[in-house]
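Asks: One-letter residues, chain by chain:
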Amino acid sequence: AQSVAQPEDQVNVAEGNPLTVKCTYSVSGNPYLFWYVQYPNRGLQFLLKYITGDNLVKGSYGFEAEFNKSQTSFHLKKPSALVSDSALYFCAVRDRSGNTPLVFGKGTRLSVIA
Amino acid sequence: NAGVMQNPRHLVRRRGQEARLRCSPMKGHSHVYWYRQLPEEGLKFMVYLQKENIIDESGMPKERFSAEFPKEGPSILRIQQVVRGDSAAYFCASSPAGHNTGELFFGEGSRLTVL
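So the protein sequences, as listed, match chains A and B.
Read in order, the letters of the first sequence are residues 1 to 114 in the working numbering.
Read in order, the letters of the second sequence are residues 1 to 115 in the working numbering.
For the record, the hints were derived by calculation from the structure and aren't laboratory data.
Treat the numbers as computed from the prediction; the structure is a model and nothing was measured.
Be aware that one or more of the hints could be misleading.
[Said to hold, decoys possible] Reference excerpt, derived from the structure (chain A facing chain B, CB under 10 angstroms, subset only):
# : residue
1 : D9
2 : R42
3 : G105
[Stated by the list, open to error] Derived pair list, reagent style DSS-like, types lysine-lysine, alpha-carbon separation capped at 25 angstroms:
# : chain 1 : residue 1 : chain 2 : residue 2
4 : A       : K49       : B       : K27
5 : B       : K44       : A       : K49
6 : A       : K49       : A       : K77
From the three backbone atoms N, C-alpha and C, an ideal C-beta is built for every residue, glycine too.
Using the sequences and the accompanying hints, generate a full structural model.
Replies: See the structure below:
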């Protein structure tokens, strides 16, 4: 069965500093990987995805993520954090069989402090 | 294009009542997914539907919960005889095709409170 681990419930970072939100996954074969963001009382918004190709994926709002197959990781990064980036971030994985739904991690709450 | 529309946004029910949550997918999308988000937890998959068909209900509780996506009209998640443990945010997502490389598009959620 596929699964996602987000080891940090909370990440605090000062505005202007780089941020990293960690994600590791478990799936049979090669994965499809996604990051979503959720603002308070809102739905999830798609940020970026890894399907194939370049391991470094660039997404919305200046976010990027790096697929590392040997470490089964897909950490989310941004060079310079903004206060407005404060939100709940979800990593998600799906296998390539086409028969399983998107599985989400528990989420990491990012707090960017001015 | 309008996004995924869910209603009601907030629903309060007393124990034993029924809750009906509706979801209209994005225009051109024929695949609907329902997820449940409990406080301090991630999203848990419940069910995946296409028009008039349930494709995967592996995450749906065996009792009291049902889902449909009729030929005409929105998808409906129905919870009968609600209990306090059903209090959660229920999210609907849609996609133009099924389990594939594409991302899901989420609605704003329906927040159910059971008194």
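Asks: Is the shortest C-beta separation between A:G105 and chain B less than 10 angstroms?
Replies: holds (5 angstroms)
Asks: Measure nothing beyond the straight line between the CA atoms of B:K44 and A:K49; if it is 25 angstroms or shorter, mark the hint as holding.
Replies: Judged against 25 angstroms, a Cα distance of about 19 angstroms means the pair holds.
Asks: Please verify that hint: A:D9, Cβ, nearest Cβ of chain B, below 10 angstroms or not.
Replies: Given a least distance of 8 angstroms, the restraint on A:D9 holds.
Asks: Has the given pair, A:K49 with A:K77, been kept, meaning a C-alpha gap of at most 25 angstroms?
Replies: Holds - the C-alpha atoms of A:K77 and A:K49 are around 13 angstroms apart, at most 25 angstroms.
Asks: Is it true that the CA of A:K49 sits at most 25 angstroms from the CA of B:K27?
Replies: Distance ~22 angstroms between A:K49 and B:K27 Cα, so the pair holds.
Asks: Quick check on A:R42 please, does its C-beta sit within 10 angstroms of some C-beta on chain B?
Replies: holds (6 angstroms)
Violated hints for the displayed structure: none, as all numbered hints are satisfied.
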